[in-house]
Amino acid sequence: MAVNLEKFQSPGKGNGLRVLKDTCVGVTVYSSLPYAYTVCIKHKKKPVCDYCLLRKEKLLRCSQCKVARYCAALCQKKAWQDHKRECICLKSIFPSVPTDSVRLVAKIIFKMLQQSDSASEELYSIFDLQSHVDKVSEEIKEGLGHLTTALQHFLKNEVQDLSQLPSGFQALEYFGKVICNSFTISDGEMQDIGVGLYPSMSLLNHSCDPNCVIVFEGRRLLLRTVKEISKREELTISYIDVKIPTEERQNQLFRQYSFTCECHGCLLRDKDEDMLAGNKQSTKDVKDLVSRLEELQSQNTHLFDTCNLS
Numbered sequence: 001m002a003v004n005l006e007k008f009q010s011p012g013k014g015n016g017l018r019v020l021k022d023t024c025v026g027v028t029v030y031s032s033l034p035y036a037y038t039v040c041i042k043h044k045k046k047p048v049c050d051y052c053l054l055r056k057e058k059l060l061r062c063s064q065c066k067v068a069r070y071c072a073a074l075c076q077k078k079a080w081q082d083h084k085r086e087c088i089c090l091k092s093i094f095p096s097v098p099t100d101s102v103r104l105v106a107k108i109i110f111k112m113l114q115q116s117d118s119a120s121e122e123l124y125s126i127f128d129l130q131s132h133v134d135k136v137s138e139e140i141k142e143g144l145g146h147l148t149t150a151l152q153h154f155l156k157n158e159v160q161d162l163s164q165l166p167s168g169f170q171a172l173e174y175f176g177k178v179i180c181n182s183f184t185i186s187d188g189e190m191q192d193i194g195v196g197l198y199p200s201m202s203l204l205n206h207s208c209d210p211n212c213v214i215v216f217e218g219r220r221l222l223l224r225t226v227k228e229i230s231k232r233e234e235l236t237i238s239y240i241d242v243k244i245p246t247e248e249r250q251n252q253l254f255r256q257y258s259f260t261c262e263c264h265g266c267l268l269r270d271k272d273e274d275m276l277a278g279n280k281q282s283t284k285d286v287k288d289l290v291s292r293l294e295e296l297q298s299q300n301t302h303l304f305d306t307c308n309l310s
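If you count the sequence shown from 1, position 99 lands on 99 in the numbering used here, and the numbers rise without skipping.
The set of hints was computed from the structure by calculation and includes no laboratory data.
We treat Cβ as the ideally placed atom computed from N, Cα and C, and that holds for glycine.
No incorrect hints appear here.
Computed list of lysine-lysine pairs in DSS-like fashion (alpha-carbon distance at most 27 Å, straight line):
no., residue 1, residue 2
1, K56, K42
2, K77, K66
3, K84, K156
4, K42, K66
5, K84, K111
6, K141, K13
7, K13, K135
8, K156, K91
9, K58, K78
10, K56, K77
11, K111, K78
12, K21, K227
13, K77, K58
14, K227, K243
15, K78, K42
16, K78, K56
17, K91, K66
18, K77, K111
19, K91, K46
20, K56, K66
21, K77, K46
Simulated restraints on C-beta separations:
no., residue 1, residue 2, range
22, R61, D187, 18 to 24 Å
23, L113, E6, 28 to 34 Å
24, G14, P95, 42 to 48 Å
25, Q160, V25, 49 to 55 Å
Please put together the full structure from these sequences, using the hints given.
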């Protein structure tokens with residue numbers, strides 16, 4: 001619930017999210033289940049439950065599509081409402097499996113067709129999300145076009161015509177929305193296990209020195225403060241790894257999110273020298289370690305040869 005949060009116009013950034021009271025460090029200011037989510041395809045070898053996203057040694061496999069897996073019959077039952085249409089699509093292309101983005105956009109479509117409300121849209125709806133497809137390169141647009149074709153192939157047994165979808169729906173736009181607004185869901189070991197869309201959390205703007213961080217408990221997203229925050233101060237998170245030099249951060253942010261960060265750190269570039277010095281030291285440490293390992297290997301080879309000659 002977003003009891004103490006509100007949407008507002010952040011100067012120079014557009015929409016933003018701010019807190020309505022002074023907030024201490026370590027407070028969970030927002031919690032939400034996703035509008036739609038999917039497990040990462042790369043976890044086929046180390047699967048997680050498609051419903052609760054917990055990892056278990058043995059999972060029950062959906063007898064129809066042979067793709068979805070569940071940790072118990074209860075999870076499978078709870079997942080059925082969202083899985084039943086996807087199940088038909090997965091079964092139709094088995095043993096092929098769609099990419100994470102195709103599977104997620106398909107789930108978004110099925111959710112729209114249900115016309116059900118979602119608590120994750122409490123502050124911002126999926127229809128409000130920005131896609132930025134008008135700002136991307138022709139190369140990226142071409143890639144999005146290929147994803148749209150893959151989506152139509154995947155949906156062919158359930159949605160024969162995309163005109164069945166809500167007025168104004170464009171697959172290209174929704175792939176753009178997923179790329180710009182989805183969150184990578186990670187487990188307690190910080191391993192990526194899924195991708196989810198939490199529309200209200202898309203109000204969070206980026207900062208290279210954020211005051212909040214996002215963590216997950218299964219598929220539930222938690223927004224927690226990492227600094228003391230004053231009443232009506234904007235909440236921010238980092239969209240990327242901020243422990244990289246400014247130029248790399250700027251390039252990554254523009255490539256994926258279509259904006260240029262103008263935070264204090266990016267304008268001054270005051271930490272770049274320390275980062276580069278740290279990288280150089282790390283490289284030197286690795287080279288020294290490799291050199292030492294090669295030396296030990298040489299010594300062991302010599303001892304082995306000596307023993308064989310004895």
